[in-house]
Amino acid sequence: MNNFYPVNDYGPLMPGLVMAGVAIVHVFLAQFAVGGGLLLCYFQWLAMTGRSETARIFVNGYFRILVLISFVLGALTGVGIWFTSIQVSAPTIGQMVFNFHWVWATEWTFFCLEVVAGYCFYRYHTQLSDRTNLTLLILYAFAAWMSLFWINGILSWQLTPGDWLASRSLIDGFLNPGFWPSLLFRTIVCMTLASLIGCIVVNVIPSLDRTQRQELINRAAHLMIPMLAMPVLGVWYLLTMPDDSRGWVLGGSPAMMLFFMISVGASLAIGSYALIGLWMQKLYINGATATLLLFMAFGATAGGEFVREGSRKPYTIRHVMYSNGIRPDEVADLRIRGCVTDDPYPVVHEKDLPNDTVTVGAKVFRKQCAVCHTIDGSNAVVHLTASWDEDQMRMNIAKLQQTKPFMPPFAGTAQELESLVQYILWVESGRPSSWAQGMNPETVSQISRWLDEAGTEPAEARSIR
Amino acid sequence: MNQMFPIGFEGPLAFYLVVYVLTLVVHVFLMAYVLAGSLWLAWVTVFPKATAGSIHGEIPRTKHPAARILRDWLPFALSGAITAGVAPLLFIQILYQQQFYTANVLLGWRWMVVIPVLVMAFYLLYIMKSKIISQWSLGIRIGLSICVAGSFLFVAFCWTTNHLLSLNASQWPVAYETGDAVQSLPALSLRLATWITGTFPAMGVLMSWQLRGMKSRTDSWRDVASDVNWLTLIEDEDRRIAWVSLAAMIASLILAFCYFLTLPEEVRSNLTGTAGILWIAVLLSSSGVMITGLIRQRRSHTGSKSWLIAVTGALFVQLTAAASLREIIRLTQADLSAVVQSTKAAAEIGGLVMFLVFTVLNAGLIAFCLWLVRRKQAP
Chain A
1 MNNFYPVNDY
11 GPLMPGLVMA
21 GVAIVHVFLA
31 QFAVGGGLLL
41 CYFQWLAMTG
51 RSETARIFVN
61 GYFRILVLIS
71 FVLGALTGVG
81 IWFTSIQVSA
91 PTIGQMVFNF
101 HWVWATEWTF
111 FCLEVVAGYC
121 FYRYHTQLSD
131 RTNLTLLILY
141 AFAAWMSLFW
151 INGILSWQLT
161 PGDWLASRSL
171 IDGFLNPGFW
181 PSLLFRTIVC
191 MTLASLIGCI
201 VVNVIPSLDR
211 TQRQELINRA
221 AHLMIPMLAM
231 PVLGVWYLLT
241 MPDDSRGWVL
251 GGSPAMMLFF
261 MISVGASLAI
271 GSYALIGLWM
281 QKLYINGATA
291 TLLLFMAFGA
301 TAGGEFVREG
311 SRKPYTIRHV
321 MYSNGIRPDE
331 VADLRIRGCV
341 TDDPYPVVHE
351 KDLPNDTVTV
361 GAKVFRKQCA
371 VCHTIDGSNA
381 VVHLTASWDE
391 DQMRMNIAKL
401 QQTKPFMPPF
411 AGTAQELESL
421 VQYILWVESG
431 RPSSWAQGMN
441 PETVSQISRW
451 LDEAGTEPAE
461 ARSIR
Chain B
466 MNQMFPIGFE
476 GPLAFYLVVY
486 VLTLVVHVFL
496 MAYVLAGSLW
506 LAWVTVFPKA
516 TAGSIHGEIP
526 RTKHPAARIL
536 RDWLPFALSG
546 AITAGVAPLL
556 FIQILYQQQF
566 YTANVLLGWR
576 WMVVIPVLVM
586 AFYLLYIMKS
596 KIISQWSLGI
606 RIGLSICVAG
616 SFLFVAFCWT
626 TNHLLSLNAS
636 QWPVAYETGD
646 AVQSLPALSL
656 RLATWITGTF
666 PAMGVLMSWQ
676 LRGMKSRTDS
686 WRDVASDVNW
696 LTLIEDEDRR
706 IAWVSLAAMI
716 ASLILAFCYF
726 LTLPEEVRSN
736 LTGTAGILWI
746 AVLLSSSGVM
756 ITGLIRQRRS
766 HTGSKSWLIA
776 VTGALFVQLT
786 AAASLREIIR
796 LTQADLSAVV
806 QSTKAAAEIG
816 GLVMFLVFTV
826 LNAGLIAFCL
836 WLVRRKQAP
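So the protein sequences, as listed, match chains A and B.
First residue of the first sequence? That's 1 in the working numbering, and the numbers climb one at a time after it.
First residue of the second sequence? That's 466 in the working numbering, and the numbers climb one at a time after it.
Isolated chain A, as found in the complex (with noise of 0.2 Å):
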């Protein structure tokens, strides 16, 4: 039973949106709790060395705040992205637990200290020195950014592995091409994400009078200066990427460059605001406004991950790992050998399907598609191949990483692929209760032939060729 994972049916929902929204939810949450650290570090330096005493009060109601929301739905989301990955691309999540099982196991010894040093602050700070709550949220603080440290080497390395494709070296898989401009980037992000976060906390603290709570907003605006250096990180980090993810990013798919203009919009708009209106102009923003800008931050996130997710088509893991948790190296071996004849497990409600051929083109739709697609639901292949007539279909399948480049190779035999056809077919026409049964051999040889003609490889490496 190797290789084989049950699929779920998620109804009209793609298992990739549900990961979606586990991890934007995730990542907001986690990068405040980073952010947050440093920002009550700074805090706390003003109120200790008299330069706001103001920041004393802040720091006490900010670090409430952070518990309750980052200790318990950032530590428990994180939790959650773990299990999301395995119902969406269990082939994934293990490939990457596997490769880098120490550093996660890092990452957890430095959780252990964000959680104790935390705590500690947060039931003593007031039985302790000025000197000492610095030192423990400074302790705090480099705890929640090391955990930063150490999952964006994971992350990045799923887009630019670098020297690691060659050597499987950790470290070069680690400190991959993606890994500083990624890391510095999303710093930046963090602290922009608490500051505002900030604002909203003075906003709502009932013993700040306004001039105490302008000082504040001002202060926490600080922390949104480092925004200056977005487009240069950024800039950066799409050079780091593969031409084609590029690609994709600035222009190669709509979608795409929608939530990447997105992204850069929303981070504009806060940045100028930060900059121009609350750092130069010391101006006031109250908490409606505060809330706003938040909500672009978290546009702004939302754009960013999906573009960081989907740039890495037709991959999950680049050169590694097909979306469809197949290896680029199985797909001539599938193609001979067939996708689903190991397959243990039945299509559920098979008793519903007309005959074995669409019973295996159900088969082959799960095995091959649906972690990014559905039947007929959200990004569904019913509707994205409507147009096209029988035999297109066919074409347009055997040779998939020609018709869109973003998509995998076909790793399944010409029989195969002609029930995936007949399974679309029949839904298409409103699943009817019979269906004609069998295969035109010259249908099959016909697909085979087209396979032949697109190869194995995916869409890029023929281009580089």
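Treat the hints with care, as some may be off.
Computed from the model, here is a short list of chain A residues facing chain B with C-beta under 8 Å [what the hints assert, rightly or not]:
| id | residue |
| --- | --- |
| 1 | Trp45 |
| 2 | Thr49 |
| 3 | Ile65 |
| 4 | Leu68 |
| 5 | Phe71 |
| 6 | Thr84 |
| 7 | Trp108 |
| 8 | Tyr124 |
These are calculated hints, taken from the structure and not from any lab test.
Quick reminder that beta carbons are idealized off the backbone N, C-alpha and C, glycines included.
Following the hints, put chain B in place on chain A, whose structure we already have.
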């Protein structure tokens, strides 16, 4: 399986098993505190029978030392349990990737729901800790405490279901088709009951330490009782918890034996053969030490520190033995050659030295944090 667990296995497999079991024990200890603690809180909220002896009249159980400590520490304990759970969750993916992932996917939403349930329970724990709750009606407080305990019981149920499903590879296609995740209700019930009752001794031991600490912090009880009464109350509570722990541990051992009887013949013979017999002996002898210690604690008026240390040590030995036996059961039902192969390949991946270096560094920093707090310099 003719090798003794884990030292009889090949190096990489033995190594990952040891790391997994040790990290699991830490997680189980904290998880046990949370589960048994929330059940204890629910019990005293539903049955707040008062005890005579307060300067302000009778003190309801919800204001007794144990309930106070639990309300105060459960959020942190849950945070600790979740954080400690990350490490075994990582190593299980090296050891039993196919089994763990398949069970996860087969349970689908029914598995994923543990996350929102835990989030809800987490926030409810903070509400139970807050001062505002004392203004709420008894009905709401009862509802909250039952909801929290019920949430943790539900998570325990999900984990047990997941674990048992992961062991039974031949049933996976059927489970996928029918959606029926529970193959044997008696096995599920017995295993779940074994773990639930087994959580009380762990909670009891940690609580005993906390009660000892509370004796010296007079500021924590000034509002409800005189010093003498409160000290008496703490000692009574310590003995009551020792009694509950004792009863629960004996129940857990009986339930574990019943669960043993439901296991396939091959698994039973491995447990009583070379692989497991030593661990059974360790489990029983550590249980013996705990029983003796808990009885002495129950009889004692002041509580013996040396016996508490012995019981604490025995508890960790007992948990390690139980976790080891759990792995022998799993390895018997898994494809052992595949597990050997995957751990061998995983051992060739670099990073272990880095992990050890940062473990030492961060353990030092954690100790430093605790030292800072213990010093408690005046502001």
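Evaluated hints:
1. For Trp45 of chain A, the shortest C-beta to C-beta distance to chain B is roughly 16 Å, which exceeds 8 Å, and the interface hint is violated.
2. Taken as an interface hint, Thr49 of chain A does not check out: its beta carbon lies about 15 Å from the nearest beta carbon of chain B, beyond 8 Å.
3. A distance limit of 8 Å between C-beta atoms decides the matter here; for Ile65 of chain A the minimum to chain B is near 12 Å, and the interface restraint is violated.
4. Nearest Cβ of chain B to the Cβ of Leu68 of chain A: about 7 Å, under the 8 Å cut. The hint holds.
5. At its closest, the beta carbon of Phe71 of chain A sits 6 Å from a beta carbon of chain B; the interface hint therefore holds under the 8 Å criterion.
6. Because the closest C-beta pair between Thr84 of chain A and chain B is about 7 Å apart, less than 8 Å, the hint holds.
7. Given hint, Trp108 of chain A at the interface with chain B, holds; its Cβ is 5 Å from that chain's nearest Cβ, closer than 8 Å.
8. Annotation: interface hint on Tyr124 of chain A holds; nearest CB of chain B at approximately 5 Å, less than 8 Å.
Violated hints, in rising order: 1, 2, 3; the structure is consistent with all others.
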